[in-house]
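Student: Residues per chain are reported as follows:
2 protein chains.
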Amino acid sequence: MMNLPLFGSQLIGFKTSRDNEEFIYGVDPTTGKELQPGFAIASHGEVDRAVLRAEGAFPVYSRMSGAMRGRFMRRIAEELEALGDQLIARVMQETGLPEARIVGERGRTCAQLRMFAEVAEEGSWVDARIDLAQPDRLPLPKPDIRRMLVALGPVAVFGASNFPLAFSVAGGDTASALAAGCPVVVKAHPSHPGTSELVGRAIVKAAVGEGMPDGVFSLVHGGADVGEWLVSHRGVKAVGFTGSLKAGRALADLAAQRAEPIPVFSEMGSVNPVVVLPGAMGDLEALASGYSASLLMGVGQFCTNPGVLIGVESEAFDQLVGKIAEKVAAAEPGIMLNQGICNGYLQGVSERGKHEAVEVKGMAVAAPGMASGVVFSTSGQDFMVDSSLQAELFGPAALVVRCSSAEELIEVVRDLEGQLTGTILMGDGDEELAGTVASALRDRVGRVIFNGYPTGVEVCDAMQHGGPYPATTDGRFTSVGRAAILRWARPVAWQGAPDWALPEELRDGNTRGIWRRVDAVLGRE
Amino acid sequence: MMNLPLFGSQLIGFKTSRDNEEFIYGVDPTTGKELQPGFAIASHGEVDRAVLRAEGAFPVYSRMSGAMRGRFMRRIAEELEALGDQLIARVMQETGLPEARIVGERGRTCAQLRMFAEVAEEGSWVDARIDLAQPDRLPLPKPDIRRMLVALGPVAVFGASNFPLAFSVAGGDTASALAAGCPVVVKAHPSHPGTSELVGRAIVKAAVGEGMPDGVFSLVHGGADVGEWLVSHRGVKAVGFTGSLKAGRALADLAAQRAEPIPVFSEMGSVNPVVVLPGAMGDLEALASGYSASLLMGVGQFCTNPGVLIGVESEAFDQLVGKIAEKVAAAEPGIMLNQGICNGYLQGVSERGKHEAVEVKGMAVAAPGMASGVVFSTSGQDFMVDSSLQAELFGPAALVVRCSSAEELIEVVRDLEGQLTGTILMGDGDEELAGTVASALRDRVGRVIFNGYPTGVEVCDAMQHGGPYPATTDGRFTSVGRAAILRWARPVAWQGAPDWALPEELRDGNTRGIWRRVDAVLGRE
Numbered sequence: 095m096m097n098l099p100l101f102g103s104q105l106i107g108f109k110t111s112r113d114n115e116e117f118i119y120g121v122d123p124t125t126g127k128e129l130q131p132g133f134a135i136a137s138h139g140e141v142d143r144a145v146l147r148a149e150g151a152f153p154v155y156s157r158m159s160g161a162m163r164g165r166f167m168r169r170i171a172e173e174l175e176a177l178g179d180q181l182i183a184r185v186m187q188e189t190g191l192p193e194a195r196i197v198g199e200r201g202r203t204c205a206q207l208r209m210f211a212e213v214a215e216e217g218s219w220v221d222a223r224i225d226l227a228q229p230d231r232l233p234l235p236k237p238d239i240r241r242m243l244v245a246l247g248p249v250a251v252f253g254a255s256n257f258p259l260a261f262s263v264a265g266g267d268t269a270s271a272l273a274a275g276c277p278v279v280v281k282a283h284p285s286h287p288g289t290s291e292l293v294g295r296a297i298v299k300a301a302v303g304e305g306m307p308d309g310v311f312s313l314v315h316g317g318a319d320v321g322e323w324l325v326s327h328r329g330v331k332a333v334g335f336t337g338s339l340k341a342g343r344a345l346a347d348l349a350a351q352r353a354e355p356i357p358v359f360s361e362m363g364s365v366n367p368v369v370v371l372p373g374a375m376g377d378l379e380a381l382a383s384g385y386s387a388s389l390l391m392g393v394g395q396f397c398t399n400p401g402v403l404i405g406v407e408s409e410a411f412d413q414l415v416g417k418i419a420e421k422v423a424a425a426e427p428g429i430m431l432n433q434g435i436c437n438g439y440l441q442g443v444s445e446r447g448k449h450e451a452v453e454v455k456g457m458a459v460a461a462p463g464m465a466s467g468v469v470f471s472t473s474g475q476d477f478m479v480d481s482s483l484q485a486e487l488f489g490p491a492a493l494v495v496r497c498s499s500a501e502e503l504i505e506v507v508r509d510l511e512g513q514l515t516g517t518i519l520m521g522d523g524d525e526e527l528a529g530t531v532a533s534a535l536r537d538r539v540g541r542v543i544f545n546g547y548p549t550g551v552e553v554c555d556a557m558q559h560g561g562p563y564p565a566t567t568d569g570r571f572t573s574v575g576r577a578a579i580l581r582w583a584r585p586v587a588w589q590g591a592p593d594w595a596l597p598e599e600l601r602d603g604n605t606r607g608i609w610r611r612v613d614a615v616l617g618r619e
Numbered sequence: 095m096m097n098l099p100l101f102g103s104q105l106i107g108f109k110t111s112r113d114n115e116e117f118i119y120g121v122d123p124t125t126g127k128e129l130q131p132g133f134a135i136a137s138h139g140e141v142d143r144a145v146l147r148a149e150g151a152f153p154v155y156s157r158m159s160g161a162m163r164g165r166f167m168r169r170i171a172e173e174l175e176a177l178g179d180q181l182i183a184r185v186m187q188e189t190g191l192p193e194a195r196i197v198g199e200r201g202r203t204c205a206q207l208r209m210f211a212e213v214a215e216e217g218s219w220v221d222a223r224i225d226l227a228q229p230d231r232l233p234l235p236k237p238d239i240r241r242m243l244v245a246l247g248p249v250a251v252f253g254a255s256n257f258p259l260a261f262s263v264a265g266g267d268t269a270s271a272l273a274a275g276c277p278v279v280v281k282a283h284p285s286h287p288g289t290s291e292l293v294g295r296a297i298v299k300a301a302v303g304e305g306m307p308d309g310v311f312s313l314v315h316g317g318a319d320v321g322e323w324l325v326s327h328r329g330v331k332a333v334g335f336t337g338s339l340k341a342g343r344a345l346a347d348l349a350a351q352r353a354e355p356i357p358v359f360s361e362m363g364s365v366n367p368v369v370v371l372p373g374a375m376g377d378l379e380a381l382a383s384g385y386s387a388s389l390l391m392g393v394g395q396f397c398t399n400p401g402v403l404i405g406v407e408s409e410a411f412d413q414l415v416g417k418i419a420e421k422v423a424a425a426e427p428g429i430m431l432n433q434g435i436c437n438g439y440l441q442g443v444s445e446r447g448k449h450e451a452v453e454v455k456g457m458a459v460a461a462p463g464m465a466s467g468v469v470f471s472t473s474g475q476d477f478m479v480d481s482s483l484q485a486e487l488f489g490p491a492a493l494v495v496r497c498s499s500a501e502e503l504i505e506v507v508r509d510l511e512g513q514l515t516g517t518i519l520m521g522d523g524d525e526e527l528a529g530t531v532a533s534a535l536r537d538r539v540g541r542v543i544f545n546g547y548p549t550g551v552e553v554c555d556a557m558q559h560g561g562p563y564p565a566t567t568d569g570r571f572t573s574v575g576r577a578a579i580l581r582w583a584r585p586v587a588w589q590g591a592p593d594w595a596l597p598e599e600l601r602d603g604n605t606r607g608i609w610r611r612v613d614a615v616l617g618r619e
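Protein chains in written order, with this note's numbering: chain V, 95 to 619; chain W, 95 to 619.
Next up, chain V with everything else stripped away, as it sits in the complex (with noise of 0.2 Å):
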């Protein structure tokens, strides 16, 4: 297949655009070399012009049946499939990653696209609620009440550096957006601008191929001014973004300061803590291995990373954590997303290291643009005392919190910031204490995993992806699994509309076939 040229523009609506002659470009990781094209910054004119055309577009599309939304969305998947070779080779390129995972991570944007296609279509997300009329009731008739979820409005998505493609531009909360019929506006993150261009360009040849209208996607290029210029757009209704606590804080500020604030779904990380309790630790060898294959996954570039490591001290537990530690050192360094990521996880790194209640366990020498693995270990006191130990360092960094006990273990469980996941290793005997630790997690995470890791998230109709602050701007909802449309819609109700003036969903007969409560008893009649 021949090498589609890459414009280096905004996809503005069905058309490039290029005000500035300011460019951003990737860089290869791997050399340090700059890639061609540039890719022109978007200017306050471009940014407000794509806002404008996905307001344009929202009345149709949000009135556009699942069944047409759902066909887009399966184009969109074969449009991203039918660039090939090209794209895996740009995203190689951009981040680094090696190719397996990035074929993987196609299948999953793919999969994800069919998954919302699938929702769309099937309809019964909407949470249709039907009250009928009842005009004898005294001392007042009740009128006839319809309620369904309709989109939010025009979206705002930011990309994220550690997926290029199941995070980013056709990513899921651009997947999800879509298929609860909001017009998208990407911000492609600076890191892989090639990328987002061709995932881009097969995301608008799917719209014109499938008749939808100007405007229901584009992308733009840029840094933190661009992506202020969208968040603050009174055309923009909701955002999703996923990286830092910074960053992600800074954007709900933003959004919060508007003259209508409008909900941000900031996906910013977390230290996923692991508690090893007593009765796990009989295959000490499995478990460092189970933990340091968690950590160092990825180069530890997840937001499910496993960043610390919580048990009551005891000799097998110095023992896991020695296991750990050498098995960290052994590994080979891996070559990190981009410079910024690395420069920060190695300045992150030798901060903590200074740290006077931390203890370096193991690390190895980083060659340039790459890292390795550190264990850190402290105590369930310092712990806590010290809030700063709960950051999250962004790579393969364990942070081993030593308890003098099953008491301070817990303490230590109810004293965490929110996160993403908690996960409890247990073994017989420890069912007590893993009930008490999972009531604690509960309340402190958006994920609880028993005798697992948390990375590898899997994309299905029961997962949470989104937990307290400041895991999330907003742990309310989830951004991995079907749940995650029910970010950009709110509810509606129709009473005492005629048949005619009601969406498909609320009809009588329930032509769409889909779940409804009818005076809140479920059903699909």
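Hints may contain errors.
You can't tell identical chains apart in this list, so a pair holds if it fits in one copy or across any two.
Unchecked claim - DSBU-like, lysine-lysine: derived pairs with alpha carbons at most 30 Å apart: (1) Lys421 / Lys236; (2) Lys299 / Lys109; (3) Lys236 / Lys417; (4) Lys340 / Lys236; (5) Lys455 / Lys340; (6) Lys421 / Lys109; (7) Lys299 / Lys455; (8) Lys417 / Lys448; (9) Lys127 / Lys340; (10) Lys421 / Lys448.
Keep in mind the hints are simulated off the structure, nothing from the lab.
For this one, chain V is given, so just place chain W on it according to the hints.
Tutor: Quick look at chain W alone, frame taken from chain V:
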């Protein structure tokens, strides 16, 4: 029945508390006289203790079964009813509302408590989702993942001036939060402190009687300071408020600036536009009666008061407006809830009457503490140019918007700020225009009403009481109806959990008999 003497103290958990000797007094709006006793203003320490108690109660209360929470809430309703005439008399004294209205509102309040009790008892509201394990899946096994909604944590509720029972101490916010498993700290509205104490004591009595944990409910008195302490307290995890845009926005801003931002559900009212189409103008007398009755109901002190009437200029529309003005002018003035509201209304009316683009169609003179209705009129163009004309004037004031054409009417509707409701009055031949207006309203309001009036909010499964900002701070939720419980919960997933570590709702066998999605298919097996 003997009257309970009022304490005039905070209710902190199961105990009274009085740190301060500074007092709030209820005022009889019919006489302007202070009512006894004084109610001590809460100290910062009292607010802190109330939240700490709620935090202490949370792990116990949030894990109680729906059946236990339901019993507690049904008991609250019984204790409210047991207060008998003393409650009715005190509400009348503090609000000037007529007896029939208060008796009706008590009925609604108890019905809400019983409805949310049923929601908790039935249990399907938790949106349980189960993805079964697939140990043989390739390339990786699929783990067992189960997800449901759990309570957010302690909730702060602000009593509303205009619904001393149904949106105050034991109102919809408290009832839905208790049903979800959240302890509640209420700040009493300063204009009905005695009512608040009576209701608060009924809740405490029910809590003690049903074996609820101390701290499941507290009641504090005070003004803006006390409210700010509550919303700023790190133990509070969500806020329910009904009142003005200014106060509601201030609370939302405060919550957004916290170290851990929390959701605020401020329901801040609306002008609830009513669009009258040509075909509706057959029986002008009935139309004028219907509209003016809705406008004048409760001296216009409802968040769904229809403050704006939009139509296309015609002889019939002029006649309609004339008839409305006559009816409004002929109506008796009514006592407003308190002097502050009355002054605000009179000042707003006076300012709007001086607006150069506004004509006054008729207003009666108000006696002290009382107000009567007023009808203003302006053009569609002027209405769109000056957004101050969209501001709510809390009380029985109507603004007629005369559009020069159907096209301008559509423009006016599209230009509306977010609203709780939007109403279409239509007749034969209006279908096309009504469809366009309904579609425009869908994007601006929470509830679209056909040939009815917005006052009288049905408490049911399909109700949506909440709309885009500035109607509410979070139009994705409702404060009335069964779905109001969803404001106080977030999802948690359990991965690979042994059955005993799961909440009953997610265990094998579905002993609760609730609706669950198993591998994305709904059922209750």
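Student: Which holds for Lys421 with Lys236 at a C-alpha limit of 30 Å: within a copy, between copies, both or neither?
Tutor: Cα proximity of Lys421 and Lys236: across copies only (26 Å, versus 69 Å in one copy).
Student: Checking an output row: Lys421 and Lys109, CA cutoff 30 Å. Within, between, both or neither?
Tutor: Intra 51 Å, inter 57 Å, cutoff 30 Å: neither.
Student: I want to check one pair: Lys455 and Lys340. Are their C-alpha atoms no more than 30 Å apart within a copy, between two copies, both, or neither?
Tutor: Intra 29 Å, inter 55 Å, cutoff 30 Å: intra-copy only.
Student: Could you place Lys299 and Lys109 in one of the four classes (within, between, both, neither) given a Cα distance threshold of 30 Å?
Tutor: within (11 Å within a copy, 67 Å between copies)
Student: 30 Å Cα cut-off: does Lys417 pair with Lys448 within a copy, between copies, both or neither?
Tutor: So Lys417 and Lys448 pass the 30 Å test inside one copy only (23 Å; across, 81 Å).
Student: From the Cα coordinates, with 30 Å as the cut-off, is the pair Lys340 and Lys236 best called within, between, both, or neither?
Tutor: neither (50 Å within a copy, 34 Å between copies)
Student: Can you give me the call for Lys236 and Lys417, within, between, both or neither, at a CA distance of at most 30 Å?
Tutor: between (69 Å within a copy, 28 Å between copies)
Student: Taking 30 Å as the upper bound on the Cα-Cα distance, should Lys299 and Lys455 be classified as within, between, both, or neither?
Tutor: neither (52 Å within a copy, 57 Å between copies)
Student: With identical chains, the pair Lys127 and Lys340 could be close in the same copy or across copies; at 30 Å between alpha carbons, which is it: within, between, both, or neither?
Tutor: Close inside one copy (28 Å), not across copies (54 Å); limit 30 Å.
Student: Are the CA atoms of Lys421 and Lys448 at most 30 Å apart within a copy, between copies, both, or neither?
Tutor: Cα proximity of Lys421 and Lys448: one copy only (23 Å, versus 79 Å across).
Of the numbered hints stated above, those contradicted by the structure are hints 4, 6, 7, listed in ascending order.
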